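Using the hints provided, position chain B relative to the given structure of chain A.
For the record, the sequence lines run as chains A and B. Residues 202 to 959 in the numbering used here are what the first sequence spells out, letter by letter. Residues 8 to 296 in the numbering used here are what the second sequence spells out, letter by letter.
Because the hints were derived from the structure by calculation, they are not lab data. Every value quoted in this text rests on a predicted model; they were computed, and no experiment measured them. There's no promise every hint is true.
[Said to hold, decoys possible] Derived lysine to any residue pairs resembling SDA-like cross-links, with alpha carbons at most 25 Å apart: (1) A:Lys740 with A:His781; (2) A:Lys955 with B:Arg269; (3) A:Lys955 with B:Pro237; (4) B:Lys189 with A:Ala393.
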Amino acid sequence: MKVLPGDQATVSASAEEDFQSAEVWDKVSGKTVYGIDLRLPGMLAGKILRSPHAHARIKSIDITGALKLPGVRAVLTGADMKQKPYGIVVKDELPLAVDTVRYIGDEVAAVAAVDEETARRAVEAIRVEYEPLAAVYDPEEALQAGAPQLHGDFPGNLAWERLLERGDVAKGFAEADVVVEETFTTRAINHAYLEPISCIASVDSYQGLTLYTALQSPHIVRNLLAETLDLPPSRVRIVGPAMGGGFGGRVFGNLKVYLLSALLAMRTGAPVKIRLTREEEFIAGRPMVPVIFKVKMGVRRDGTITARESDILVDNGAYSAQGPWVAKTISERNDSLYRIPHIRTRVRLAYTNKVPTGQLRAYGNQTANYAYETLLDMAARKLGMDPLELRLKNCVGPGDITVHGLEIKSCNLAQCFKTAAAAVGWDQKKPGRGYGISGAIHANGSVVAHKDFRGAAAVVRLEEDGKFTIFTGEQDYGQGTHAVFAQIAARVLNVSPQDITVCSKDTAVIPYSQGAFAMRQTTIGGHAVRLAAEDLKQKMAGLAAELLGAEAELSGGVFRTPDGAELPLPEIAYHWRCRHNGLAMTGEGNYNPPGSAYDSTGYGNIAVTYSFAAHAAEVEVDPQTGALTIHKIVAVHDSGKIINYTASLGQVFGGVTQGLGYSCFEGYLFDGGQVLNPNFATYQLPTALDVPPIEPLFIDSEDPEGPFGAKGLGEIVQVPLLGALSCAVADAIGAPVTSLPMTAEKIYWAAAGKECLE
Amino acid sequence: MSYRIARDLEDALQLLREGRGAARIIAGGTDLFLQELPEALVDLTGSPETRGICAEEEMLNVGACVTHAEAAASPLLQEGATALAEACGQVGSPQVRHAGTLGGNVVNAAPAADAAVGLVAMGARAVIVDTAGSRRQEAVENLYAHYNRSRVDSSREILLHFTMRKHGPGEGSAFKRFASRKSLSLPMFSVAAVVRLEQGLLQEVRLVAAPVKPAPTRLPQVEQRLQGLPASAETWRLAGDLVREAVAVRGSALRCTAEYRRHLAGVLAERALQEAARRAAGLKAGESK
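Here chain B stands alone, though its shape is the one from the complex:
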């Protein structure tokens, strides 16, 4: 088996070309090392094009090899993509957060991956280049082929970075998850919410839930029903009920029953929306209007 550390993006693409389909990108390895390894690995984490978080006007660019720990600690993301920073801060354990990357989280395609839920809520798009030299952009939720299978073919494609619009005035977001222990536990359910408030009314809502389908799942019918409603406890309760109706969930002997998971979906939606609205109104945790 070979393990090669790419100097930069071009080097990584070249190594993939030389691998002729047998080489695969590794970007952190916290999931990959649990699986049967391919015969050649190309480590992307040293490529400067995949590192770093930067703001360009109203956009945020987040490198695919930014670690969860870096994302969680980034003031740019805490301010401009709060739900994403929060989600990254709850992945796995400190060790996993320091090694695992956002790009890896998305390409691993687990149905309840925290960072991916945050990215989809932010409306993030992935910039992907391939060995033939072409470059495309896709919404993160469209990168899922099936449970635990990505549309990104990491033997010939490289997810370079994510791009998303940062929170503007009157916008806020939050991520809520529920798990059986405080660390190293997959969530029974997670919800991310992004809202824009105008004069106390919900002008725009993005609500993402997981695990529901292979990809983090937007709930457009709930989003539409909430549009124009006041940011109030009554609205959040309604949202909870709507989410319980909207999500199809399964029970699992290892985690919880479907009934409880459906119940949690509503609770987490209420809490995520309430927190997002509080932030949109410029209030800190615990404060109320």
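Chain A on its own, in the form it takes in the complex:
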């Protein structure tokens, strides 16, 4: 089978398209060494003392009991902190609390000892006197006058806000025949990667720092740590072991863990390993932000969307992490999925005394998808219009410049909708079942986050034996990036992908890179690999022509002239190496995406290109209990030319399953500031039995920017699912479920026309 353009989407895999890198086989056969497995000789164990209070002043800390314990090597407290506040977007954190704790789990002290048990006992032996302060847990209450204040620099607990206006919403609503509005809420979501974050920090005699920890963006984190620790970036090296799952949670990982292991290593001179427990991952990680959407939309009788107005309140937790960036994506990306002329969106990010938040795979685009796609179906119901028709009437297409200035290049969104509808049986709906469909647009890389540094670089080296090594800063932690890069280089160099090794995990060696987020790996990193391979091929061809005395073609690792003279690659490598006294022949590539005239209102193109998708769901609800049976999920994707089918299928199955968890199972539960479900027994991920049949389909497009026409897939796989499931449930019971997760109980009450008494 072969993937066909247009409506006849299928799934196929030739041998090359199915290539898997060695690390995949290592993982499935249990050979992989993860960060949590690593040990260094003389290593100490680090443990963190955390606040039991949601908000309190630290009156005193007594560490004498801890220091007296045999085997304790160092105890750090806020008094030792010479660091300036740091932060990813907003500088509102310190490695350890100095005088105030702001959530249950806030880092108060750190211990290094000869083993974990001693470190744990030392943490228990630290005496802290707190003066509890009034705390605030609800973002709406946090913004009200008189609410307890978290940060002096952010009066009113407002961490960030934005008012985004395009066109004239009043005019838009005046033109509407039908107006729908609703409030939707979502919970904090944990990444639930299997390997909790772990880091070994080691210092050399000149205070050079090496961290052994797996990150999606090692260079960005390296620079942030260097700045906070006041070290030159070149003296900080991050070496990545294999990563046991990222899902956006390891773009920045847990900066506290890296800083505290580094500070303990600097204090003791010995390597220090801190590994978080699962409970720490829950109470002091950086889960996806909870959101309250108040949304309103106007539509004309013919289905044309005229205006949309949103008031979005994002619960930041106690510190900002990536909060402002996530809030921005949540509040604007979905606007570019349909042609909406008039938009007004207020988004606010509020501090509360709860676990600080961050982002999950897809950066909140999936969260907004739930709210906006459910609202769209409410409009369809009110209009008496087919939800599919309403979407096809408004969806963006190739060549569009969207309401926020996004420049749409390759785009098969309409075909994605039609294909998903056909595959789910939209025209032959079964009685008693609910059907939902939802679309998505997702950015590939950012050309505006750092306007002067938009692209990526790669180096390809010809080895002595005629094989190749790719050096890249782009990270593979299960997506198949390394296989894709090997395939891209292999296509240029006309060799097998198995002849190519990818080296990506040591900041001392790899090209500087933004790392793995925003679906930039294949599109941007892969483009750089293609350019590097082309550069190397040209160099090899030049030397081959010189040595053979004629132009030669490369095939199967051998250059051949038209009259049959041959020169295999190891000989090219040998001649070059001798001539250059040991230097290997390398090709360099750097891909520089087109710039953007992005303006101060946030108008302008933001990404290299955009991927599209539509998911459709067929569900059934037990009217007596609200129990949801999902009969089928169809996931149709326009990710340009698919380079690796097996890895792509893995992304779809994994992303849809994770989205299913977000939609129907998962979410933090709080009692005040206390997380009630900080473990896998009570934070319920879907089990294998809960995963419905998933049908992935790809509709090829030929993207002008991605390598060989490819676009990103890793994040968008989760985006439309939330809307599709919500719309299908609403279709089945005749009313939307207005908060996630859509549990049986909530579905039951929504069907009964009652509010859920959560």
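The following block gives chain B in isolation, referenced to the frame of chain A:
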């Protein structure tokens, strides 16, 4: 810490005696390993007296160390104690069902343990021996001291096996539970029903619900009200309403509200009774008279 595998019942009793109250029986460990372990454990699962399922005339004997997986797959139980086999098939996950045992399920004393609900519905009695050599029998529902605390003192007592009357002609049973996911999830509510039909009328009903109290809870006032009524949709609806009135339930932030749990109790009772009656009438799932 010591971990000793008893050869047989006498060996297990001897090991407990030697432990002088510090040693505890382990029979599967799927719950015990989540708690702080005692200094000495005596593994009972190798003792032949605690293994096996057998029928003696109208009685069924089920060893305390029969695993949930064994019970769920047992034709004797599927036929003669259907609700019990069904309940055992829904415990935890495949791994838990292959390691955890019925005796462990009862002595762990969790208020919504599936196997215990099935046992109580079957009217099962536990045979218990102690280190002094005495032997007694107790109804399973009487083994609960409090939430998660058994009256069986596993530092000096051993639950040997369960004994119950198997379904006779005109009898059938069913177990229904409702949970947030299909595996590895404690139930929001569960109900087991055993009925005996004569000429389409309910001659005998045993209805057990959990979690209501520390032990799986018989609902005698509902049972009595149903006696003599026809096996009909109307009766099942009535039963659902009666169960909603009869059970005292609590809400839980982790699982569901009390209101929803009460609603589920009625739905599950209706469904369990209907299924049990269908089986009593000799019909398979999906068939109706």
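- Could you tell me which of the hints above the structure violates, numbers in ascending order? Number 3 - this is the single hint that the structure violates.
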